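Enquirer: Chain by chain, the residues run as shown.
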Amino acid sequence: MRIVIAISLVLLTTVSYAAQKAYYDPATNKHIVDVSGKKPKADIEREFGLSAPQEVTLNAGEGTRVVNGTLTKYNIVQEAKDKAAADKKQKKDKIEAANSVDELKKLLKDMIDGKL
Amino acid sequence: MKKILFALLIGVFLVSNCYAAAPSRTYSYVSGQTIDPDEVTTNENNIFTYLQNGVDTYVAGSVDNADVSNSAAIALSKLASTPYANVDMGRFVIDTATATGTQSVTGVGFQPVFVIFIAAEPASDEVSWGYDTSSLRDCIGRDGANYFWNGENHSIQAREDSTTDAYSGKVNSFDSDGFTIGWTKTGTPTGNLSVMFLAIG
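If you read the protein sequences in the order shown, they are chains A and B.
Be aware that the first sequence starts at 14, since it is given in the working numbering, and climbs by one per residue.
Be aware that the second sequence starts at 15, since it is given in the working numbering, and climbs by one per residue.
In short, the hints are calculated from the structure, not lab data.
In this text the structure is predicted, and so the values were computed from the model without any measurement.
Don't take each hint at face value.
What the hints assert, rightly or not - One side only, chain B facing chain A, incomplete, derived with CB under 10 Å:
no.	residue
1	Phe62
2	Gly104
3	Phe106
4	Ala111
5	Thr112
6	Gly115
7	Ser118
8	Val122
9	Glu135
10	Asp175
11	Asp179
12	Thr194
13	Thr204
14	Gly205
15	Asn206
16	Ser208
Idealized CB from N, CA, C, for every residue including glycine.
Model the full structure from these sequences, guided by the hints.
Expert: What follows is the structure, encoded as structure tokens:
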């Protein structure tokens, strides 16, 4: 019985999420995302006229960018958290570094305008 | 027993063909010939039987919209071709620091004719909502400073705050298994844009 439940859970997990695949062809600078994650690489090559595209498998919440000519994946959620933390620190540092009321007023104005 | 079954099968075959096919005359008349009432009855029965079992063919173009009642409630499955029967949805990501170029989305399962986009950049206020038919498109959104904007011939856009920095996308083409987005980078936008799509075709 446990085996049946375990197999069912594995099957359900597989059905509910299919990993996407991203491709990049340096020769043509083509970026391709297979949102089904099910197409063979050969089909992608035929469909878009590519010879040797780079391939990356993406998990949920991941994206790709080209770094030094290589398709590299990153976690969009983690990068968002890092950016939010950096923004917060930047605001805190600027407020603590302010030496006058006028400087604080300017910081508040920048915050309201979304510049900080 | 076998003979009876065979006769029944032949009978069913003949009856079904007679009733399904359009009627034709059994007897023809020649000028000067005496018309036999039984022959007339047979010819009439051919027509009556056909009409009583339901007409199965119509002259091309003889049925138009005016002939169909507004309350006909014809089931979609009864139509010869179902318009826009395919729907798919998904999500992809683009780094807005990427240079102007294209990004193809494949694996949709059909050639779309219409796509709706909802895009958002995490850790910012940049969002957009748009649609695209590859010839008609529009979008509205909010920039990084929380200000509303609209239009400008794109269906996806991440717009930075109080600047012209933006990353804009529109459908360049609908392909056999998805679509290709043309991205335009203006200034120096930053951040990862997560795009959800609903494709119809």
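Enquirer: Given Glu135 of chain B as an interface hint, is its Cβ closer than 10 Å to any Cβ of chain A?
Expert: Interface hint status for Glu135 of chain B: holds (8 Å vs cutoff 10 Å).
Enquirer: If you take the shortest Cβ to Cβ gap from Val122 of chain B to chain A, is it below 10 Å?
Expert: With a minimum Cβ separation of about 7 Å from chain A (threshold 10 Å), the hint on Val122 of chain B holds.
Enquirer: Less than 10 Å between beta-carbons is the criterion; does Gly205 of chain B satisfy it with respect to chain A?
Expert: Nearest chain A Cβ about 7 Å off; hint holds.
Enquirer: Given Asp175 of chain B as an interface hint, is the shortest Cβ-Cβ distance to chain A below 10 Å?
Expert: At about 4 Å, which falls below the 10 Å cut-off, the nearest Cβ of chain A leaves the hint on Asp175 of chain B intact, so it holds.
Enquirer: Does the CB of Asn206 of chain B sit less than 10 Å away from some CB of chain A?
Expert: 5 Å, holds
Enquirer: Does the closest beta carbon of chain A sit nearer than 10 Å to the beta carbon of Gly115 of chain B?
Expert: 6 Å, holds
Enquirer: Once the shortest beta carbon distance from Thr204 of chain B to chain A is found, is it less than 10 Å?
Expert: At about 9 Å, which falls below the 10 Å cut-off, the nearest Cβ of chain A leaves the hint on Thr204 of chain B intact, so it holds.
Enquirer: Given Thr194 of chain B as an interface hint, is the shortest Cβ-Cβ distance to chain A below 10 Å?
Expert: 9 Å, holds
Enquirer: Can Asp179 of chain B be said to touch chain A, with a Cβ gap under 10 Å?
Expert: Nearest chain A Cβ about 12 Å off; hint violated.
Enquirer: Using 10 Å as the Cβ threshold, decide whether Gly104 of chain B counts as touching chain A.
Expert: Constraint on Gly104 of chain B satisfied, holds at 4 Å.
Enquirer: Going by Cβ atoms only, is Ser118 of chain B closer than 10 Å to chain A?
Expert: Holds, because the Cβ-Cβ distance from Ser118 of chain B to chain A comes to roughly 4 Å (cut-off 10 Å).
Enquirer: Min Cβ distance, Phe106 of chain B to chain A: is it shorter than 10 Å?
Expert: Result: holds, 5 Å to nearest chain A Cβ.
Going through the hint list in order, the structure does not satisfy hints 1, 11.
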